[in-house]
Amino acid sequence: MAINRYTKMAYANADEMIFGKCKFPVKAGLGLEIGAGYTIPELNYAPRPQASVSKEALVKEYERITKDSMARLVQIGAPAVVLETEHVQQLTVKPDVGAEVAHVQKSIMEEYHEEYGIKCALRHTIADLREDREYLALRSKAPEILESFDQCAAQGADLLSIESMGGKEVFDYSIVRDDTAGMLFSIGVLGTNDMDFIWQGITDIAKKNNVVSAGDTDCSQANTAMFIAGGLLDKNLAHTTAIVARCISAGRSLAAYEAGATGPGKDCGYENIIIKAISGVPITQEGKSSTCAHSDVMGNLAMQCCDMWSNESVEYHGEFGGTTVQVWVETLAYDCALMNTALRTGNEKVLRDLLMLSDKYRDPQPYVLAYDNAYRVGEAIAANGNDPYLRAKAAAETCCTIVQEGIDGGKLVLTKFETNALNKIKADLAALPTESSKFIEDCMAKYTKEVAVFKPENYSL
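To get the working numbering, take the position in the sequence shown, counting from 1, and add 46.
Any given hint could turn out to be false.
Unchecked claim - Quick list of in silico lysine-lysine cross-link-like pairs, DSS-like style, CA-CA up to 30 Å: (1) 69 <-> 281; (2) 254 <-> 165; (3) 470 <-> 492; (4) 457 <-> 484; (5) 254 <-> 101.
Because the hints were derived from the structure by calculation, they are not lab data.
Given these sequences and hints, build the entire structure.
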């Protein structure tokens with residue numbers, strides 16, 4: 047399938063973007079239309095470690111997870127849900143196991159849909175296991191994970207996703223060295239290159255099985271930067287560096303849709319707000335309702351333009367209020383009920399702006415990902431849309447400009463540690479080549495020599 051780069055914005059301006067609505071809604075599963083005027087909870091979960099002792103135990107665990115979740119939703123009168131099964135290793139290594147889990151889950155969901163009318167769909171996120179010991183094996187191991195996609199799609203998965211790993215070997219080397227060129231190369235060039243490759247294969251499988259080629263997330267790189275950066279007292283990595291990595295990642299995650307994916311984007315892709323602005327596809331987001339999995343500094347803001355709302359992941363076990371999946375799907379459902387009521391009463395922009403403003407000035411990350419500023423990053427990407435390197439560079443430069451404007455305007459207060467990082471990144475970007483061929487040539491020479499696990503054969507450069 048051909049790669050079709052985005053070179054213009056889906057929305058005329060940032061104010062057009064809202065939660066629960068997108069330019070190109072997606073029909074999926076049992077009666078769902080995602081981004082068509084209402085928000086949907088998307089529950090994510092993980093089995094207990096002891097459930098992995100056998101295939102039978104693992105399948106039974108997902109059966110319990112699915113029944114518990116659907117039962118709670120019906121009890122509280124929730125109208126819709128997406129269940130996301132992020133594959134533990136066993137589900138992808140043995141595609142028949144993942145396929146059986148998909149079949150069992152979908153059968154239960156069909157029963158609840160038929161009896162109670164709840165609209166629902168099943169997302170399976172295949173594990174990216176394209177590795178050979180300490181090396182990535184992105185091309186040679188691709189058939190193995192594509193087989194898992196195929197079998198899961200055939201047995202009931204409605205939405206196909208992955209958290210792909212392309213570029214991570216260079217990113218891990220670069221992020222701990224504050225190497226701006228390395229971040230650009232690993233995410234913007236190598237990551238996009240691998241996305242182009244793997245998402246053409248995923249989209250072909252989705253078409254074959256009449257299901258949805260959904261979306262990816264730069265979990266392996268931009269989320270790594272966010273987690274290293276941590277909270278307001280942490281200084282392992284500047285938050286300014288983390289948001290630059292995030293903006294670079296938007297062009298990389300956008301590549302899934304350029305290869306035929308249609309959304310909804312994956313929950314932990316905080317870059318999705320930028321992608322929605324460019325592409326108009328529906329997106330899942332996570333924030334305050336994902337504290338069961340991790341902390342962030344933009345828990346409310348992340349809801350601002352979501353089409354589905356996720357909890358990231360939670361291990362299945364008991365809580366006072368029921369099992370964890372029951373507790374968290376109920377929380378998600380009530381969040382969505384609030385957003386849907388705002389939509390029905392014409393107050394959606396008021397709620398959107400309250401969610402955004404409650405976090406915007408807390409940190410450079412929410413400041414740039416606020417929908418008005420995220421739109422500007424999207425414009426920079428679209429203006430350079432045909433060149434993965436140039437659009438990554440433009441996203442990083444625009445990010446720095448936005449942060450600097452916030453500082454100069456007195457709206458964003460940063461420590462010296464943060465402003466030093468910002469100034470370094472701006473200087474690094476100014477020194478980079480203006481031609482992608484020169485940049486790639488320089489980086490190939492540098493990282494082939496310095497990063498022992500970097501294998502250029504993983505990328506068609």
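Hint-by-hint comparison with the structure:
1. 69 <-> 281: 40 Å, violated
2. 254 <-> 165: Measuring from Cα to Cα gives roughly 24 Å; hence the hint holds.
3. 470 <-> 492: 20 Å, holds
4. 457 <-> 484: Status violated; Cα separation ~38 Å.
5. 254 <-> 101: 27 Å, holds
Violated hints for the displayed structure, listed by number in ascending order: 1, 4.
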